[in-house]
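Visitor: Each residue of the sequence shown is one higher than the one before, counting from 1 in the numbering used here.
Hints may be right or wrong, so weigh each one.
Said to hold, decoys possible - Pair ranges (Cβ atoms, derived):
1) P75 - R137: 19 to 27 angstroms
2) N82 - P31: 32 to 40 angstroms
3) C28 - G128: 24 to 32 angstroms
4) N127 - K34: 28 to 36 angstroms
5) S120 - I141: 15 to 23 angstroms
Honestly, the hints are just simulated from the structure, not real lab data. Note that beta-carbon positions come from the ideal geometry of N, C-alpha and C, so glycine has one too.
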Amino acid sequence: MRNTIRLGIMVVIATLATGCSAAPPSICEMPQNKHFWQGVDIDWTGEIVDVSSGGHGAVLAFVAKDCAAVVDFTPDMPSVFNPLADQSTHMALATYRVQGRLSFTDGQIMLRPTSVSRLSPWQTYENGGFQRYFRERRAMIPVSVNALE
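All chains should be modelled from the sequences, with the hints used to inform the complete structure.
Guide: Written as C-alpha cells, this is what we have:
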C-alpha cells in the first residue's frame, strides 16, 4: 500500500514538472521532433511573412532570420499586411512579437496567436526589403539546410 501511494505521488510530480517547463524563447530553439511542439505556449519575436497572389492563394507564416524553422498560422488568421483586401497581391514581412499556442495536426505545426504586435515597418517586394531579408536569412542558415531547398 505504501509503495502504491509513493508511486502515485511520483507520477503526479512527474506530470506537473513536465507541464511546468518553459517554452524556448525562440522558434530556433524548439526541438527537432515536431511532436514535442504540440500544445506549447509561445512568446516569440520574429518575422511574419504575408504573401498573397490575389484570389489564388496566400501564405501567412512565422519565421526567424537565423534558422530554417517556419510555422504557419491557423487558416482563420487574416492577412496582417492588408487585412481588408483579401484579393490583393502582395509580398511583405515585418518583425512581430507573437504570443499563442502551437498545435501539431496532420504532420504540420500551426500557430494560433492570442496576441500579435508589429515591431518594425513593413518590408515589401516593392521597396526591396522582402528580397533583402531572404538573401540575409539564406546567408545565415547553414549550407546543409539550404541544400535541401
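Visitor: Indicate, hint by hint, whether the structure satisfies it.
Guide: Hints versus structure:
1. P75 - R137: 19 to 27 angstroms: Between P75 and R137, where Cβ atoms are some 25 angstroms apart, the hint holds.
2. N82 - P31: 32 to 40 angstroms: Because 34 angstroms falls inside the window, the suggested range holds.
3. C28 - G128: 24 to 32 angstroms: 25 angstroms, holds
4. N127 - K34: 28 to 36 angstroms: 34 angstroms, holds
5. S120 - I141: 15 to 23 angstroms: Holds: the Cβ-Cβ distance is about 20 angstroms, inside 15 to 23 angstroms.
Going through the hint list in order, the structure satisfies each hint without exception.
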